[in-house]
Amino acid sequence: MLGNSKMIASKRSDQLWRRLERDPTMKSLYSDFLNEYESLHHKEEVKEDTDLDAGYYLPLPHDGILRPDTKTTKLRVVFNASSKISSGHSLNDLLYKGGVIQEDLFSIPIRFCKHIYAFTADIKQMFRMIELNKSQTRLQKILWENSKLSPTKVYELRTVTYGAASAPYFWQR
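Residue numbers (my numbering): 2 to 174.
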């Protein structure tokens with residue numbers, strides 16, 4: 002069921018770099034975002050990639066969504082787990098989606114009535130706080146170069162990826 006998406010990811014990487022070269026602000030924010038990803042150990046460079054030799058290769062295409070009007074996150078990098086690979090499937094097709102573990106909608110507000118105090122919270126970078134088992138990170142690879150002239154490197158994403166079909170299950174668990 003696995004296939005090869007290196008050509009797709011490489012082509013999208015070239016398109017991304019053409020876009021980044023036209024917009025220096027976005028280029029800077031994009032590089033900062035992926036550098037932060039690495040400094041927080043949310044991605045790790047793959048030194049020796051045996052998956053290419055095994056006959057499948059699954060780097061995720063990625064792109065940036067620039068929102069200059071927001072106060073917190075000006076740029077969000079989106080990893081496209083729905084992108085089809087050479088076999089006609091996507092990473093989202095291959096991932097286990099998990100069961101429904103969220104309570105039914107009626108019981109949630111009822112539970113608020115049981116207590117005197119209630120609070121809500123916003124978890125910063127929620128999915129990136131959930132680390133994957135090392136055996137699963139090879140399914141979440143990306144291609145990235147720090148400049149158009151530097152060699153392309155392969156990285157494994159070590160945390161749950163926003164946009165992956167399994168992300169909501171991991172968050173609720």
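Treat the hints as calculated values from the structure; they're not laboratory data.
No experiment lies behind these values; they were computed from the predicted model shown.
Note that the Cβ used here is the ideal one computed from N, Cα and C, for glycine as well.
Among the hints, a few may not be true.
Stated by the list, open to error - With a straight-line cut-off of 30 Å between C-alpha atoms, the simulated DSS-like cross-links for lysine-lysine are: (1) 72 / 48; (2) 75 / 85; (3) 28 / 48; (4) 98 / 85; (5) 12 / 115; (6) 115 / 48; (7) 135 / 115; (8) 115 / 28; (9) 115 / 75; (10) 149 / 28; (11) 98 / 28; (12) 154 / 7; (13) 154 / 12; (14) 135 / 12; (15) 75 / 7; (16) 48 / 135; (17) 75 / 154; (18) 12 / 98; (19) 72 / 135; (20) 28 / 154; (21) 154 / 48; (22) 75 / 12; (23) 7 / 72; (24) 12 / 28; (25) 149 / 48; (26) 98 / 149; (27) 85 / 12.
To be verified - Derived CB-CB ranges, DEER-like: (28) 39 / 110: 20 to 28 Å; (29) 119 / 151: 48 to 56 Å; (30) 42 / 22: 51 to 59 Å; (31) 29 / 110: 20 to 28 Å; (32) 150 / 104: 33 to 41 Å; (33) 18 / 120: 27 to 35 Å; (34) 152 / 110: 25 to 33 Å; (35) 146 / 79: 37 to 45 Å; (36) 148 / 95: 45 to 53 Å; (37) 147 / 98: 41 to 49 Å; (38) 147 / 104: 40 to 48 Å; (39) 120 / 11: 42 to 50 Å.
Query raised in the report: What are the numbers of the hints the structure violates, in ascending order?
Result: 1, 5, 6, 7, 8, 9, 11, 19, 23, 26, 28, 30, 31, 32, 33, 34, 35, 36 and 37
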